[in-house]
Amino acid sequence: MANVYYVGDWALAIGPLYAESPFNCGHKGAEVFNDSTWLKTALESSGEHRVTCVPTWEFYKLPPGEYERILDEYDVLIFSDVEAKLFQLCPDMFDRRQFGKQVLTFPDRIRLTNEAVQGGLGVMFLGGWMSFTGELGRGGWGRTKLAEILPLQCLDIEDLAESSEGFAIVPELPDHPVLAGLDVAAAPPILGYNITRPRADCEVVARFSETGDPAIAVGQFGSGRVFSYTSDPAPHWACNFVYWDEYAAFWQNACRWAAGQ
Numbered sequence: 026m027a028n029v030y031y032v033g034d035w036a037l038a039i040g041p042l043y044a045e046s047p048f049n050c051g052h053k054g055a056e057v058f059n060d061s062t063w064l065k066t067a068l069e070s071s072g073e074h075r076v077t078c079v080p081t082w083e084f085y086k087l088p089p090g091e092y093e094r095i096l097d098e099y100d101v102l103i104f105s106d107v108e109a110k111l112f113q114l115c116p117d118m119f120d121r122r123q124f125g126k127q128v129l130t131f132p133d134r135i136r137l138t139n140e141a142v143q144g145g146l147g148v149m150f151l152g153g154w155m156s157f158t159g160e161l162g163r164g165g166w167g168r169t170k171l172a173e174i175l176p177l178q179c180l181d182i183e184d185l186a187e188s189s190e191g192f193a194i195v196p197e198l199p200d201h202p203v204l205a206g207l208d209v210a211a212a213p214p215i216l217g218y219n220i221t222r223p224r225a226d227c228e229v230v231a232r233f234s235e236t237g238d239p240a241i242a243v244g245q246f247g248s249g250r251v252f253s254y255t256s257d258p259a260p261h262w263a264c265n266f267v268y269w270d271e272y273a274a275f276w277q278n279a280c281r282w283a284a285g286q
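If you read the sequence shown in this note's numbering, its first letter stands for residue 26, the second for the next number, and so on.
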């Protein structure tokens with residue numbers, strides 16, 4: 026069984042903005058959307074994997090030492106719609122009461138992640154508006170040392186590709202374990218993805234037929250394995266994909282491969 030720590034795919038919707046007078050303007054209503062349930066349910070449906078899901082704001086607020094515990098206790102980490110800044114900044118850095126009293130530094134979470142992968146940790150990097158380079162460059166993965174363990178190369182500009190007509194996935198390496206037993210070409214259309222470039226020392230497992238851009242890529246870094254899927258595991262890009270009858274099997278394959286099982 027793989028023990029999985031999954032960050033991302035949550036959102037907080039703040040309701041409509043009402044101006045009730047020239048002096049009174051406020052939002053009405055708030056709702057939490059937990060879109061991680063699609064992937065969590067798929068991974069746990071076979072009984073092989075156990076998944077802990079956290080929103081990005083919880084990951085960001087991890088106190089010093091807590092991320093080290095997670096890296097030690099989990100077999101696979103999943104990052105989906107998680108911008109690089111969430112790795113690099115910790116709220117405890119900004120305790121003004123400590124300014125001038127001591128040197129304020131904390132262990133770098135990206136360095137810790139890279140070292141854990143080299144030591145055997147599996148990681149799954151998934152697409153979204155805040156993934157890879159992302160919308161207006163906000164993802165920022167390529168500008169950090171996360172690039173050292175990404176099996177794809179990020180663009181230097183916004184990388185979103187979207188179409189209401191959708192994109193089809195076609196296998197490049199149909200015999201790869203990630204695609205074992207799957208007819209990935211029969212998957213429903215994907216409504217968007219992050220444009221990336223292949224990396225010479227890694228493998229592109231599947232592409233989007235309309236563009237040739239990578240859809241799935243994998244790489245081995247030291248003793249650890251890294252899987253990348255350049256689209257989203259949940260709506261909105263995956264509003265069709267989540268109803269694919271092989272959706273669960275696909276993610277179980279991916280997690281199994283990343284865990285080295």
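Hints are computed from structural coordinates only; laboratory data are not their basis.
Just so we're clear, the structure is a prediction, and the values are computed from it rather than from any experiment.
Ideal Cβ placement from N, Cα and C applies to all residues, glycine included.
Just to be clear, a hint being listed does not mean it is correct.
What the hints assert, rightly or not - When the alpha-carbon atoms are kept at most 27 angstroms apart in a straight line, the in silico DSSO-like pairs for lysine-lysine are as follows:
| id | residue 1 | residue 2 |
| --- | --- | --- |
| 1 | K53 | K126 |
| 2 | K86 | K110 |
| 3 | K126 | K110 |
| 4 | K86 | K126 |
| 5 | K110 | K170 |
Claimed, not checked - Simulated restraints, written as ranges between beta carbons of each label pair:
| id | residue 1 | residue 2 | range |
| --- | --- | --- | --- |
| 6 | R75 | F119 | 31 to 41 angstroms |
| 7 | S71 | V128 | 20 to 30 angstroms |
| 8 | E271 | E173 | 30 to 40 angstroms |
| 9 | A211 | V128 | 55 to 65 angstroms |
| 10 | G125 | T62 | 15 to 25 angstroms |
| 11 | Q113 | G51 | 43 to 53 angstroms |
| 12 | T62 | D97 | 38 to 48 angstroms |
Exercise. Honestly, which of those hints from before does the structure not fit?
Worked result: As far as the earlier hints go, 1, 7, 10, 11 and 12 are violated by this structure, in ascending order.
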